[in-house]
Amino acid sequence: MKVQFLKVCTLVLGLICIVSCSSDDDNTDTNASYIRAQIGGESWEATQTLTSTVLQVGDLGMRFDLSAQNEDIRFTVAANQFTVSECMDLTSYTGDNTLTTLWYAVGDGTYAGLYDEDPSNGDPGEENFVISITSCENGLISGTFSGTQFIIVSGSNRPDTVEITGGEFRNVPFTFAVIED
Numbered sequence: 001m002k003v004q005f006l007k008v009c010t011l012v013l014g015l016i017c018i019v020s021c022s023s024d025d026d027n028t029d030t031n032a033s034y035i036r037a038q039i040g041g042e043s044w045e046a047t048q049t050l051t052s053t054v055l056q057v058g059d060l061g062m063r064f065d066l067s068a069q070n071e072d073i074r075f076t077v078a079a080n081q082f083t084v085s086e087c088m089d090l091t092s093y094t095g096d097n098t099l100t101t102l103w104y105a106v107g108d109g110t111y112a113g114l115y116d117e118d119p120s121n122g123d124p125g126e127e128n129f130v131i132s133i134t135s136c137e138n139g140l141i142s143g144t145f146s147g148t149q150f151i152i153v154s155g156s157n158r159p160d161t162v163e164i165t166g167g168e169f170r171n172v173p174f175t176f177a178v179i180e181d
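First residue of the sequence shown: 1, per the numbering used here; consecutive thereafter.
A few of these clues could be false.
Label pairs and their calculated CB-CB ranges [unchecked claim]:
id : residue 1 : residue 2 : range
1  : Glu86     : Thr110    : 34 to 44 Å
2  : Ala177    : Glu42     : 28 to 38 Å
3  : Gln48     : Gly166    : 35 to 45 Å
Keep in mind the hints are simulated off the structure, nothing from the lab.
The C-beta atom is built at its ideal place from N, Cα and C for all residues, glycine as well.
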């Protein structure tokens with residue numbers, strides 16, 4: 001009887017160990033809020049969100065603005081649409097419906113605007129920069145962004161273009177405002 005009891009206890013203890021070692025060890029918080037990308041081949045993640053707004057301009061349309069930074073880079077993305085809804089449409093924005101600017105830190109908390117998506121500084125075509133909104137509800141917005149930034153400050157020691165890939169903003173709280181036209 002004692003041997004059988006020990007076998008059962010060993011089996012139960014083994015099952016407890018197996019169950020407690022679940023595959024949920026990656027500690028990924030699906031509700032986490034972040035803004036990150038690969039900028040010029042380097043990993044970048046914002047440590048501070050400066051602006052996150054969705055504006056409704058009367059019945060003319062809506063605009064999403066997001067500006068974030070860390071100690072090295074400040075980055076702004078914006079998208080606009082000509083329809084009015086409860087939030088931004090879940091779609092991709094390109095061409096004249098986007099605005100992006102990249103600043104590099106120059107010291108003492110100051111940033112210099114060195115890059116933007118302006119086609120006059122290159123020949124990017126209509127889809128030089130793409131911002132996709134994947135979720136916009138309950139005061140949180142998520143999406144992706146990628147594209148090429150062109151230098152706008154001559155004489156700097158920076159490359160003429162910077163590729164931004166894998167850009168993602170996730171569960172970023174935003175302020176909603178209505179501006180009457």
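Hint by hint, here is what the structure shows:
Separation of Glu86 from Thr110 is about 38 Å and conforms to the stated range, judged on CB atoms against 34 to 44 Å. Restraint check, Ala177 to Glu42: a C-beta distance of roughly 34 Å satisfies the suggested window 28 to 38 Å. One distance hint, 35 to 45 Å for the beta-carbon pair Gln48 and Gly166, is violated here, with the actual separation near 20 Å.
The structure fails hint 3 only (numbered hints given earlier).
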